[in-house]
Each structure stands twice: as C-alpha cells, then as structure tokens.
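Residue numbers (the numbering used here), protein chains in the order written: chain A, 74 to 691; chain B, 309 to 848.
Source of the hints: derived by calculation from the structure; they are not laboratory data. Take these hints with a grain of salt, some might be off.
Quick list of simulated restraints, FRET-style, between CB atoms [to be verified]:
no., chain 1, residue 1, chain 2, residue 2, range
1, B, V323, A, K195, 52 to 60 angstroms
2, B, K334, A, D387, 20 to 28 angstroms
3, B, K656, A, W197, 24 to 32 angstroms
4, A, Y121, B, K334, 54 to 62 angstroms
5, A, N599, B, S750, 30 to 38 angstroms
6, A, Y121, B, A355, 38 to 46 angstroms
7, A, D387, B, V757, 58 to 66 angstroms
8, B, A355, A, Q246, 45 to 53 angstroms
9, B, G483, A, T674, 23 to 31 angstroms
10, A, P297, B, A807, 34 to 42 angstroms
11, A, R117, B, K656, 53 to 61 angstroms
12, A, F685, B, V323, 51 to 59 angstroms
Just so it is clear, CB atoms sit at the ideal spot from N, CA and C, and this is done for glycine as well.
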Amino acid sequence: MLSESVGITQFFVETSWLLPVYGLIGALLSLPWSTGLVRRTGPRPAVYLNIAMTLLAFGHGLLAFRGIWNQGPQELLFSWFDFADLHLTLALDISVLNLGVLELIAGLSLLAQVFALGYLEKDWALARFYGLMGFFEAAMSGLVLSGSLFVSYSLLEMLTLSTYLLVGFWYAQPLVVTAARDAFLTKRIGDVLLLMGVVALASLAGSLSFNNLYEWVKVEGLSPAMATLLGLALIAGPIGKCAQFPLHLWLDEAMEGPNPASILRNSVVVTCGAYVLIRLQPIVVLSPVALGTLIVIGTVTAIGASLVALAQVDLKRTFSYSTSAYLGLVFIAVGTEWPGVAFTLLLTHAVAKALIFMAVGSIITTTNCQNLTELGGLGGKMPATTLAYVTGALGMVGVLPLGCFWGLRMGADFLSGDYPVLAGVFFVVNGLTALNLTRVFRLVFLGNSQPKTRRAPEVPWPMAVPMVTLTVVTLLVPLIMAKLTLLPPWEYINPPVTALMLVSGWVGVAAGSRVSLSKSLARSLNRPLRIAQDLLAYDFYTERLYDKTVVAAVSSLARLSNWFDQYVVDGLVNGVGLASLFGGEGLKYSASGQSQLYLLTIITGVGLLGIFMTWTLW
Amino acid sequence: MLSTLILIPLVGALVLCLWPGKLESKTAKLISGAALAFTLGWVGLLATQFELATPGFQFEELLPWVEPLGLSYRLGLDGLSLPLLVVNSLLGLVAIYITDPKLHRVRLYYVLLLVINSAVAGAFLAANLLLFFIFYELELIPLYLLIAIWGGARRGYAATKFLIYTALSGVLILGAFLGLVWLSGNTSFDYDSGLAAALPLAQQVTLLVALLVGFGIKVPLFPFHTWLPDAHVEASTPVSVLLAGVLLKLGTYGVVRFGLGLLPDAWMALAPWMATWAVVSVLYGSLAAIAQTDMKKMVAYSSIGHMGYVLLAAAASTPLSIVATVFQMISHGLISALLFLLVGVVYKATGTRDLTVLRGLLNPERGLPFVGSMMILGVMASAGIPGMVGFISEFLVFRGSFLIFPVQTLLCMVGSGLTAVYFLLLVNRAFFGRLAIAPPTSTPQIDLVLPQVSWRDRVPALGLAALIVAFGLQPNWLARWSEHITLVLHEPYQGFVQARTQFAPARPPATLADALAADTALIAPTLTLPLPTASVPVDP
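For reference, chain A alone in the conformation it holds in the complex (with noise of 0.2 angstroms):
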C-alpha cells in the first residue's frame, strides 16, 4: 500500500512537466471560441474549459508538491536541439520553491479566472481573453520551474508577448494601443540586452543549464570588465519585467488593460522576472558593478515609486507603482546577496497585491470609476470589497504580523548590520505604502457618496467569492508561513528592528489619516506643493524625457536613413541613369555624317592608344 502511494506520488512528479502545459492546452482549446468558429454555444465554454484546465494545473502541483516534499529535489531533462557544440535542453527543477510558487501562480490564476467571469461578463472577446490567460499562467509556471536559462529566456519573451496581448485586448481604445506599445518594446529593450547576455554566456560557458552555469561560474575567471557586462545584461531582463527605474514605465500604462490581468500581474508577472533574477543571481555576483547597480536601481525605484504612488488620481495606477516600489526592495535583496528575504517579500507581496487588486476590480465594476477624486462613501455599501481591501492594505505594509511585515522584517533586520541605510529604505516604503493605502482608503470608503458612488451594491458572487477566498488566505499567510517554517523562531527577532518596523509602519497610518484630502482639488493652491504634486504625478516626467531623448533619437536616425536612401542611395543610381540618358542623347548629335570628322577621331583614337601602349617604352 505505502509503495503503491509512492509510486503514485512519483508519477506526480514525473509529470511535472504538465503542469505549465495545462495552461496552454486551455489556451488551445479555447481557440474555436477565440476565433469565431463556434458561436452558436457563446464564449462560456472557453471560459469554463480554461478554468478546469488551472484547476487541474493546482491539482496536480498540489500533489507533486507533497511528492517532493518527502523525496527532495528533482530534475527533469529533455533534450531538446543539438548541433555541434550546441546543446539546448529544457530543464525543470521540480524542487519544493519552484513548486510551492508555481501553486502561488496556479492558485492566483484560478482566483484571477473566476473573478474574470464576473468582470468580464459582458465582454464580446471572453474567449480571447481566457486562452491568453491560460498562455500567460502556462509562460509563468514554465518560468518557475524552468531549470535553464534558455527556457527560462523563452519563457519571459512568451510573456511579453502575452503582456502585450493582454494590455491590448481592449485594442480600439486609443490609451490601450500606446499602452501595449510601450509595454512590449520597452520588456523588449530588456529583453534584447539579455539576450545578449544568453548568447554570451551560452558561447562561454557551452551550457545554460543553471546549474551547469553556476558549476562554470566557480571555475572560470572571466575578467572583470567582461564580467561586469554580462552581470549588466543579465540583469536588464529582470529590470523591464520587473517594471524598475528606468524601464518602469510599462506597468502603469499597461493598468489600461482589464483587471484580472492586472491582478496577475502586479503579483505574480513580475515575481517571475525577480525569480528570474534570483535564479541568475550567483553569475551576477561575479560583478560588484553589476550588484551596485542592483541596489542603486533597486533603491531608486523604491523610493521614487512610493513617492509616486501618493500623487496619482487612478485607483489602478497609486497600486501598480506600490507593486514597483516592492520589486525595487526585492532588487536590494538580491544586490545585497539576501535571496531567502527576496523570496518571502515577494511570495507575502503577490499574494497581498492580488487581493488588493480584486477590491479594485470590484469597486471599478461596481461604480465605472477608477478616478480615486470620483469615488468616496462606499464602506458601508461593499462590506466585502472594503473588508477585503482592508485585509490586503494590511498583508501589504509591516503594522499587523501578517504576509508582508514578516518580509520587511527581515530585510530591514539582515540589511541593518552591513547597510543600515538600506535598511532605512525599508522602512521608509513601509511608511510611504502604509501612507498611501491609508490615503486611498479614506477617498474610496470613506467621506460622502459621491454620484458615481450612491448606487453601489456588492459585487455578484463570481467576483466575490475569489475575493472572500484571498481575503481568508491572506489572513492565513502567517500561519501557512509557520507550517513552512518560513517564520523565523522567537530569540532570532530583532526587536530594535522589529519595533522599528512597526512604528514606521503605524506612523504612515497616522499621517495617511491626517494629511488633508480634497476631492474637488486635487491639485493643491500652494504653488510649490502644486509643483512637487505635479512632478510625482506625471512620474517626475520620465515620459517626456524618453520622447526627448530615446524616441527621438531613434526615429531622427530612422527619418535620417530614409532621407540617406531616397537621396543619396537611390539618387546617385537615378543620377548615372540620367548622366547615361543625357551622355546618349549628347552623344548623337556627333553623327553628322562628315566623313573627315570620322576620319579625325579615328586618327586621334588610334594616335592615343599607340602613345598609351608604347608609354613605358619612352
């Protein structure tokens, strides 16, 4: 009986491989809906065939996950493409992380798909949308388990290609187009420098298994300038994926796009461009240039985007910041070699972001309103939205013990010894988060109703349910994070730090609540608190600085190539063509038909042609 269990429990983890291509076979099969074929059954089926497609994903990672749990890591090869010294393999590492995240994935998704059902009802392309759910969940969980750095490469360009997607699904509107624009070139600019650190690596080392390349890594001295460009090209796919200064713009204009993508991904999307950083992480190490960046970029996104997150007026894009504000944390984390901190920030902070993502859903179905100066007094009219938020605003900032304290904890206790002002940091996106989840929450549930708020009842049950559902989760994070021995034992809580934590935390509340809020004004009368509003507003207009500088550049280089093509390419060819027309044309009046003239250039011809061939003979 017990063997036979194990056996059972192997083949779960045999099959591991399945787990990613779940999502892609709902996304194929809801391809007859996608497209139109088949109408006369309307987009549901698509709908429900992706939702049993994750469940079953959830399923059976669930079971591998207890496989591996009693049995310990394993990999999963197969051999994918040789050619001479070329060896492509797609790796999994099905170990307990890679497994318990892709069941973070899975879970949010399935959560994220039911709550679609509700906001989404209405919409004429439901279909589309599942199948590029299930792609998008398929790409993140590849990504989780990937255990090589090519696949872990493809998988992230499947994602951007299903950002894209998904931040364009709306495509008639004309913020959306620019929205995916922006989303899929500049994940591409992070993308290309990566690849260029793939190829290289894959040159050097003859392998892209992470594991191989972290044998490499031990054995090789790469000279430093050669190694710090590899760390910086490794780390420029993370950058964009992860939304940092100074590719961040993509996640606030990619809010555009519906929100049970948003759900996914201001948690789980860009946890996997960190998990991809985290697993790179021993080869960046071999440049402190590289780490230094990390920080710096880590450091200036965190704090910028927090200071941004308190000036925007869209309830979807105060909280995209905030997800931004995170991720840099998490950038300081692996900059500063502390991956076990990255690692609970960012599973505490998915699973926080995602709930409070689905109150926004909600409040934005219920009142077709995501303008924070337009909502107000909806408290008591959505008691499970507004529990909800609360619950995640709570997971989010370090003043309960819930998801997130335990991850800012950490990283401010580990970081005080070596950079205590890095530490700082943490405390001071804590305060600055606590600050302006207090201040949304005073200008959505709180105050008077406003019009777009007077009628506003809860939500139907397909959107609350998966709510109520993160909201009893994120409650239990703590206790999930004991089982898992995640916590850390009584006498190794630092309580200067821990207090500190707290007392950062509380004061943002208290200044949330304070600070004055007006609804009719958003912008201030004091003219230099209107400009420092102004300038976090319009994100210390990092927009207009690419139209002057990137944008431009390229597209004068592109006007200028194509002037160079028309006029000097193309000219010089029509130029010879003409000069030969108008040498015939000239030519022809030559012919007169005298026959000394003939005679006279016969002469000088042959007279020149002897004196050029007896030339050396003079």
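Since the structure of chain A is already known, use the hints to place chain B on it.
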C-alpha cells in the same frame, strides 16, 4: 532524379503554351499548380532518399554539354540546397494559389511563374559554375516581365531598375567565375571546393569582392539594395512572395556556396569586413524600415535587415553559424512570404497600404480579424519571439557568431530589437484602434465594412504559419538535413575559427555521451583549458 525538378515546371509551361483555344484562368491555375505540387512531392521523395551522413552532392547527374568551354550539365543535391528547394516549390505553389483569378494575359503569367520556378530549382541544383550562372540569369527575364506587366503604377521604373541591378550582378558573378577557373588553370567549371587553392591571396580577394558585390546586389545588402523596395512595392502579391521568399535566397545561397565554399583564404581575410558590412546592412535596413509608411515597403526594408544576419553568420563560418545561414534563409523565406501575403490581402480589401490611413483592422465583425491575428503572429516571428522559427534562427546566428565577432554580433542584436519597433508600429497603427481607412479624425467611420476573408484564402497563410511554428518548436526537422554539409563547408575554417575565438573557448563536453553526441562537430575544442592568447596554432 534531379532534372525532374527543373523539367516538370517547364513541361507545365509547355502545356500552357500549347493549350488549344482560350486558356481559362482556372485551368491555367490548375495545371501550373499541379506541376508545382508534383515538384513539391518530388522534393519530398528526394528528401526521404537523402542520406544524411553522406557529405557532398547526392543524386548527381552529369551530362557533358559544351566541353571546350568547361560547361557541363552537372546537378547535385546537398543539405544546403535541399531545404531551399522545398521552400522554392512550396512558395511557388503559394504564389500560384493566391494569384488573382481575374488576371489578364493568363497564359503568359503562369508560364513565367513556372519558368522562374524551374530556373531557381536549376540554380540551387547546379554543380557547375557556368550552369549556375545560366540558371541565375534565366530567372531574371521572367521576373522582369512579371513586374513590368502585372505591377503597380510605377512598374516600368521598378522593373527596369531591377533588371539593371540584377544584370550587373550577373556580370560580376560571371566575371568572378571566369576569373576563378581561368586563373587557376582549370578547364572545367565543375564545382570543386579546391578550385581556388592554388591562387595567390590577392587574386582570391579580388574574385571574392566581385562575387560579394554580385551576390550582395541580389541579397540585397546596403548600398546595393534600393531596387528591392521599389520592386516589392510595384510587384503584385504573388510575385512579392516569390521575390522575398525565394529569389533573394539565390544571393545568400551564392555567397555561402561560392564565396564561403570556394575561396576560403580570401574569405578569412575579408571576414571581419563582411561582418561589419552585415551590421551596417542590418541596422540601416531596420532603421529605414521604421520610417516607412507603406506596409509593403516596411516589410521590404525588413528583408534587408534580416538578410544581413546571413552575411554575419557566413562570415563567422563556425559549424553553428553555417547551419544558421540555412535556418535564417528558410525562416526569412517563410516569414516574409507570410507577411507579404497578408499585406496583399489588406491591400486587396482596403485598397491601400498606407499606415497613416489604415487603422483598427482587427475589428471582429467589420474588419479583418484573421489577417490581423496572422499578422501579429508573423511580426512576432520576425521579431524573434521564441516558439517560432525566427527565434531559433536568430539565436543560432548570434550564438554561432558571438565568439568570432562579438561586437558585430551584439550590434546585430540591436537590429533584432529594432525589428520589434517597426513591426509593432505596423501592427499598432494598422490593426489596433478604431476601424477606419482615413487619416485620424474626430468622427468615427461607421459605414465601413470590409469583405471577409474566405477560408479558401486563409489556407496559404495558415499553412505558412503552421510551418513557422512547427520549425520553431522542432528545429531538428530543419537542422538534420544540413548537418554534414555545414561540417564540410566549415572544414577549411577550423584554424580561422579557433584563432579568432575571443575570450575562453567552449569547454569540452563533460561526459562520454556528450562527447559522442558532439564528435561530429569538427570544431574539437582544445583540451588544454583557457587559451593564453588569441593566436593559437591550428589544431588539426
């Protein structure tokens, strides 16, 4: 065996010529389609008989022709030409399938298409330099006529430009071939990799430059490229598909077969310059593509950018980069054919290709959602998104060339990033937004209903898309044919590759199984670990 590939289309053409009475468009399409379907089947048959492990030509045919001249009818098939022959037959079939049934001068049109197909097959099969040249020139006249008769408004200009450029290319290639054979004191023009072995370097270099310029016009490479956008814009859709998918490949095929294969010493001397030339071509083509507002012109400029990768990979001449040239040729053939096909459908449905007036074509009921979805797939394949053949070919190009020309390879990758820029602009402008065929205004165009694309018209696009995805997921299906020929082509370059390999060399395979798997690779990595300097004696 091999002559069948040349003869069947000619027989088809002959039947069309001699068809009694008025030739209906449908009949002509059927006959020529049958001829090309037969050749496609025949190539498939040859592929099943093809021995993967035999280096050199297979199914050789030899017929003495003009012996005093050294011209013989010698055909041979190897891993370099086989995939290209498949693409030739396939795209020929696609071109015939998508031809407008209401065309005028039906007989001439289909005859010309078949002659092109036959000539291109002959060029890919020729194992004699003069014979190659004859086929190379033979394809020129029908294409000129196809552009000049069934082209757009400026077809006269474009066709003449094409003719002059390609004729010049032919003269240079003929000159190089004559020089190569006569200088080396040979009497036969038969293909032989040792043809130029005795020539001094200076002569080899001169010959190679002539060859490179000659084929560079055809590829096309900057600055010899301006005929291509004009020809594409004026040519009808089927001709564009053929031009981009097959005829450009004659140039890259020539570069690899005759440049890389015949003139190794000169090739090694010029390789860094060629890699730099490739970078210029890639970046120039990509940047120029960004500025285009005509969809077709944009795709045409993208061809210039993407064909540059072939030159980079050929210059690097590692086994991997040589197989990458085959990959890139096939992938560009399939992808650009798909893109031109779709642009053709858009043009047919809307009457314009102008990116400043087209928008919102993805509209599900009134627009062209199928074309839009396929277009997204095509541009993503071209931009190198994994899962499609464009990615693996670019990856092979970059991975194969990186150690030899690191800077040039990195710059070419920038070109790959630029591909995403211009194609995304294309999709975003023409397919996203609110449906309209007019410059942006505040009032939406609500009376616009575009004709639906029938399933009959969807077949070729679906087929090409399926191939693009299939080879992207399973590149072994493409690589297996070319493995041995790349090793043969690489053989003279072993020393060059090792000497130029920058940084540390790749580590030898760790296990015996790996070693066995890798032993076909002639690039045996030196067992002494890190190489001290870049100048290492040639390891035989």
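Taking the hints in turn, this is what the structure says about them:
Look at B/V323 against A/K195: about 59 angstroms separates their beta carbons, and that is inside 52 to 60 angstroms. The beta-carbon spacing between B/K334 and A/D387, approximately 59 angstroms, falls outside the hinted interval of 20 to 28 angstroms. Distance hint check: the CB atoms of B/K656 and A/W197 are about 27 angstroms apart, consistent with the given range 24 to 32 angstroms. A hinted range of 54 to 62 angstroms is violated for the C-beta pair A/Y121 and B/K334, which are about 46 angstroms apart.
Roughly 37 angstroms separates the CB atoms of A/N599 and B/S750, a value that falls within the hinted 30 to 38 angstroms. A hinted range of 38 to 46 angstroms holds for the C-beta pair A/Y121 and B/A355, which are about 44 angstroms apart. For the hinted restraint 58 to 66 angstroms between A/D387 and B/V757, the CB-CB distance of approximately 36 angstroms leaves it violated. With their beta carbons about 49 angstroms apart, B/A355 and A/Q246 fall inside the hinted range of 45 to 53 angstroms.
Our hint of 23 to 31 angstroms for B/G483 and A/T674 holds, since their Cβ atoms are close to 30 angstroms apart. A hinted range of 34 to 42 angstroms is violated for the C-beta pair A/P297 and B/A807, which are about 25 angstroms apart. Separation of A/R117 from B/K656 is about 35 angstroms and departs from the stated range, judged on CB atoms against 53 to 61 angstroms. A beta carbon spacing of about 57 angstroms between A/F685 and B/V323 agrees with the range 51 to 59 angstroms that was offered as a hint.
Hints 2, 4, 7, 10 and 11 from the earlier list are contradicted by this structure; the remaining hints agree with it.
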